[in-house]
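Those protein sequences? They're chains A and B, same order as listed.
According to my numbering, the first sequence is numbered sequentially starting from 1.
According to my numbering, the second sequence is numbered sequentially starting from 1.
Fair warning: there could be bad hints in the mix.
From the structure, some residues in chain B lie toward chain A, with a derived Cβ separation under 7 angstroms [what the hints assert, rightly or not]:
1. Lys66
2. Gly144
3. Pro148
4. Gly356
5. Leu398
DSS-like cross-link-like pairs, simulated, lysine-lysine; straight-line CA separation at most 25 angstroms [to be verified]:
6. Lys410(B) <-> Lys66(A)
7. Lys133(A) <-> Lys73(A)
8. Lys381(B) <-> Lys73(A)
9. Lys66(B) <-> Lys379(A)
10. Lys146(B) <-> Lys426(A)
11. Lys396(B) <-> Lys426(A)
12. Lys411(B) <-> Lys366(B)
13. Lys66(B) <-> Lys411(A)
14. Lys370(A) <-> Lys66(B)
15. Lys422(A) <-> Lys381(A)
16. Lys381(A) <-> Lys393(B)
Calculated directly from the structure, the hints in this document are not laboratory data.
We put the beta carbon where it would ideally sit given N, CA and C, even for glycine.
Protein chains: 2
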Amino acid sequence: MGINLTNFLASKSRNRKMGQFQDLDHLDGLSVSSISADLYNSKRDDLAMFYFRDGANFASVYTRSKILSENIKWNLNQKTQKIFSLIINARNANSFTGEAGYRSMQHIAEIISRLLTEKQKEDEDYPKTIKSKNIIFGCTGTIGEKFPEEKIKLKITDLIKGIKYTQNKYIWMKAALAIMTTDTQPKLAMEECKIGNTKVKIYGIAKGSGMIQPNMATTLGYIFTDADISNEVLKKLLKKNIENTFNAISCDGDTSTNDMISIFSTGKAKNSLIKTINDKKIKSFDESLNNVLLNLAKRVVADGEGATKFVTINVFNSKTEQDAKKIGFSIANSALVKTAIAGEDPNWGRVIMAIGKSGVDLNLNKLSLKFGELTIVNKGKIYDHYNENDAAKYMKNLDININVDIGKGKKNFTVYTMDLTKEYIKINADYRS
Amino acid sequence: MGINLTNFLASKSRNRKMGQFQDLDHLDGLSVSSISADLYNSKRDDLAMFYFRDGANFASVYTRSKILSENIKWNLNQKTQKIFSLIINARNANSFTGEAGYRSMQHIAEIISRLLTEKQKEDEDYPKTIKSKNIIFGCTGTIGEKFPEEKIKLKITDLIKGIKYTQNKYIWMKAALAIMTTDTQPKLAMEECKIGNTKVKIYGIAKGSGMIQPNMATTLGYIFTDADISNEVLKKLLKKNIENTFNAISCDGDTSTNDMISIFSTGKAKNSLIKTINDKKIKSFDESLNNVLLNLAKRVVADGEGATKFVTINVFNSKTEQDAKKIGFSIANSALVKTAIAGEDPNWGRVIMAIGKSGVDLNLNKLSLKFGELTIVNKGKIYDHYNENDAAKYMKNLDININVDIGKGKKNFTVYTMDLTKEYIKINADYRS
Numbered sequence: 001m002g003i004n005l006t007n008f009l010a011s012k013s014r015n016r017k018m019g020q021f022q023d024l025d026h027l028d029g030l031s032v033s034s035i036s037a038d039l040y041n042s043k044r045d046d047l048a049m050f051y052f053r054d055g056a057n058f059a060s061v062y063t064r065s066k067i068l069s070e071n072i073k074w075n076l077n078q079k080t081q082k083i084f085s086l087i088i089n090a091r092n093a094n095s096f097t098g099e100a101g102y103r104s105m106q107h108i109a110e111i112i113s114r115l116l117t118e119k120q121k122e123d124e125d126y127p128k129t130i131k132s133k134n135i136i137f138g139c140t141g142t143i144g145e146k147f148p149e150e151k152i153k154l155k156i157t158d159l160i161k162g163i164k165y166t167q168n169k170y171i172w173m174k175a176a177l178a179i180m181t182t183d184t185q186p187k188l189a190m191e192e193c194k195i196g197n198t199k200v201k202i203y204g205i206a207k208g209s210g211m212i213q214p215n216m217a218t219t220l221g222y223i224f225t226d227a228d229i230s231n232e233v234l235k236k237l238l239k240k241n242i243e244n245t246f247n248a249i250s251c252d253g254d255t256s257t258n259d260m261i262s263i264f265s266t267g268k269a270k271n272s273l274i275k276t277i278n279d280k281k282i283k284s285f286d287e288s289l290n291n292v293l294l295n296l297a298k299r300v301v302a303d304g305e306g307a308t309k310f311v312t313i314n315v316f317n318s319k320t321e322q323d324a325k326k327i328g329f330s331i332a333n334s335a336l337v338k339t340a341i342a343g344e345d346p347n348w349g350r351v352i353m354a355i356g357k358s359g360v361d362l363n364l365n366k367l368s369l370k371f372g373e374l375t376i377v378n379k380g381k382i383y384d385h386y387n388e389n390d391a392a393k394y395m396k397n398l399d400i401n402i403n404v405d406i407g408k409g410k411k412n413f414t415v416y417t418m419d420l421t422k423e424y425i426k427i428n429a430d431y432r433s
Numbered sequence: 001m002g003i004n005l006t007n008f009l010a011s012k013s014r015n016r017k018m019g020q021f022q023d024l025d026h027l028d029g030l031s032v033s034s035i036s037a038d039l040y041n042s043k044r045d046d047l048a049m050f051y052f053r054d055g056a057n058f059a060s061v062y063t064r065s066k067i068l069s070e071n072i073k074w075n076l077n078q079k080t081q082k083i084f085s086l087i088i089n090a091r092n093a094n095s096f097t098g099e100a101g102y103r104s105m106q107h108i109a110e111i112i113s114r115l116l117t118e119k120q121k122e123d124e125d126y127p128k129t130i131k132s133k134n135i136i137f138g139c140t141g142t143i144g145e146k147f148p149e150e151k152i153k154l155k156i157t158d159l160i161k162g163i164k165y166t167q168n169k170y171i172w173m174k175a176a177l178a179i180m181t182t183d184t185q186p187k188l189a190m191e192e193c194k195i196g197n198t199k200v201k202i203y204g205i206a207k208g209s210g211m212i213q214p215n216m217a218t219t220l221g222y223i224f225t226d227a228d229i230s231n232e233v234l235k236k237l238l239k240k241n242i243e244n245t246f247n248a249i250s251c252d253g254d255t256s257t258n259d260m261i262s263i264f265s266t267g268k269a270k271n272s273l274i275k276t277i278n279d280k281k282i283k284s285f286d287e288s289l290n291n292v293l294l295n296l297a298k299r300v301v302a303d304g305e306g307a308t309k310f311v312t313i314n315v316f317n318s319k320t321e322q323d324a325k326k327i328g329f330s331i332a333n334s335a336l337v338k339t340a341i342a343g344e345d346p347n348w349g350r351v352i353m354a355i356g357k358s359g360v361d362l363n364l365n366k367l368s369l370k371f372g373e374l375t376i377v378n379k380g381k382i383y384d385h386y387n388e389n390d391a392a393k394y395m396k397n398l399d400i401n402i403n404v405d406i407g408k409g410k411k412n413f414t415v416y417t418m419d420l421t422k423e424y425i426k427i428n429a430d431y432r433s
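Just need the whole structure built from these sequences, with the hints factored in.
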């Protein structure tokens, strides 16, 4: 399962940077349950349920792949204003499984909606009828293997029995563990903020850690809030805040057929209604949502397969943000840059190579390059005081910052990635064996 | 220097596939010399000279990087009809070395042209005056390090003394060894053909083996022929034949600042003049040139850093060649596909993932996938007789063929790549240490 990044991620300085999640507790209107459906032929949890007893507003962004997994197709087909449950399984992507895979989603949604409707009758004063269209799915794992519908169906009753109406951080952690594949760490994040005078929570969980790529909703990420926000405003907030968070990370340049980031709002905080994302009352929520997404995105990268270094690539003063993004990802996706970082080799020539191959027009006389605060190239020339020993020392850090100044405009973009190690190969060459 | 692929490449079946080079001998009008200029602080040859005593017509294609090495800038600036010498050094790319790096090219060209002019006076009945503009350079190695002008200058006299007016295969081999960096094998290829009734030779050498990427002249490749062909026709022939050879290979998706493929024609075969590439007399030459380029390109891939498998990706029945190429390279550049191949894991779902992320519009009901002759997906569905054990057995082959049928048109494209192994990381993490 890759190298152990426990200390790496748990260190105080890193958590300070990535944000805390220690205080995740109860989020009103949400219930969580996770269980082992034996999908890995082991006792590890691999199936998680998020249940919104009064339903939740929601929005999702999905993979840009031209091949969609069957659960994503299912999710896209459900026309509903409220989601009552999100089910996530690991081990099997339900992708390229054809109509049978799609029918599995339908069968499971039918059972869950029926059982949850029964539960409503038992638990609620005003029970609601939950339909299969109120259920959506996240799937992750191997593509092209038969979806384990029977194994999952066997466990639905237990999964629903396991529902807790309040959560603490251990319940959150258990759910985050259940959705992991080659991740070595559960990924959680939280922020609190205000909408008007009302305090609201934003909680998130995510999984990586291969097939993490630049465009669009990458990996699985789920955000939960007790704020009351319409589907339309949630959609706009999610699209806006994904750009410099989950769309700014890259592990190996690959895209899955299953990528999915969703946000669910239970409305229990009873804040004043937000009609538009231009409403000033949403500003603090908007920023906090960005923090949660960025926190999760960084955790996905830091736990990227085989990662030993966390790499931040800042591209400054580009003509357009698009250009800055192109250059950032050209560096982040270069196998030669990433292996040099793994080897702690300050081989900055490879960064220059990656800038050159990005295809962005450059004025070399204005190009500057720093590793951290260490100037290497200054306006197109190797810096007079550049000393390779200093750079070699810098490369021993766990966090590497590559700062590129294009000197052609005023637009910036930051991309996050990790190094490329032998461990990545090991994990991916032996993934199924 | 990477794993030893001697047996891999030397096997009869592989050489049959890639074409022979055992018979390289003398090519009229060309002289070859190679030497150690101590650029690696070792005795290995690292400097090669190709000398055309009567000049040669020529054409080149260069990297598409926005950052050009100083030798490429030099080459582009020389306006001349004839080249008298091509000088290639390993170890240092002369890239991002600024004006000083450019001046090094000028200084070396001045010395070489002066010494070769003196040699002309000694050896030739009708001595020619060779100018610095008649000299071009190939450089390969680390970017951003000061160009070793002094070390090279010290050896020019010996290099010229070493010129042999005839070559045999050992002289060719020695030159091919001198231009290697992380290559584990010299790369040579040859074909003989006819223009009209005249027999002509086409010889080539190349080097890989990192920074091999799809677009344009990748790696260094030099083709020599005794045919008499104008610069204009050479240019057209080279551009045309590069598309399905050097532009159809990928090792790691990176592009160097130094990529260069050139063709030189000495004219000694005295064939009838070719005015246009539509001339029927050029047909056999055109095909043979393609064979030489493809042979070299395949050798570059087979010797890609850390390679243990040679992978051919055939994309059939695409709407456009551009689409077929996009899909081919999306598969060839997928780290997840390449690591699965390294692990001999028939994880065909990753190929599906790579097809999906290519961005090409698909009709899934028409998509088929084979590993070799083994059908896995047939018109969008997992093939009834697909058996993973057969596929696992197939993956043990040294040559892996991935055959994708898009079923949307009639265009095909073939891409060549290799697997991604721990050895790749080792080579590139430790490249300079």
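A quick look at each hint next to the structure:
no.: 1; hint: Lys66; result: holds (5 angstroms)
no.: 2; hint: Gly144; result: holds (4 angstroms)
no.: 3; hint: Pro148; result: violated (15 angstroms)
no.: 4; hint: Gly356; result: holds (3 angstroms)
no.: 5; hint: Leu398; result: violated (16 angstroms)
no.: 6; hint: Lys410(B) <-> Lys66(A); result: holds (20 angstroms)
no.: 7; hint: Lys133(A) <-> Lys73(A); result: holds (12 angstroms)
no.: 8; hint: Lys381(B) <-> Lys73(A); result: holds (17 angstroms)
no.: 9; hint: Lys66(B) <-> Lys379(A); result: holds (16 angstroms)
no.: 10; hint: Lys146(B) <-> Lys426(A); result: violated (37 angstroms)
no.: 11; hint: Lys396(B) <-> Lys426(A); result: holds (17 angstroms)
no.: 12; hint: Lys411(B) <-> Lys366(B); result: holds (15 angstroms)
no.: 13; hint: Lys66(B) <-> Lys411(A); result: holds (20 angstroms)
no.: 14; hint: Lys370(A) <-> Lys66(B); result: holds (20 angstroms)
no.: 15; hint: Lys422(A) <-> Lys381(A); result: violated (34 angstroms)
no.: 16; hint: Lys381(A) <-> Lys393(B); result: violated (53 angstroms)
Of the numbered hints given earlier, the model fails hints 3, 5, 10, 15, 16; all others are met.
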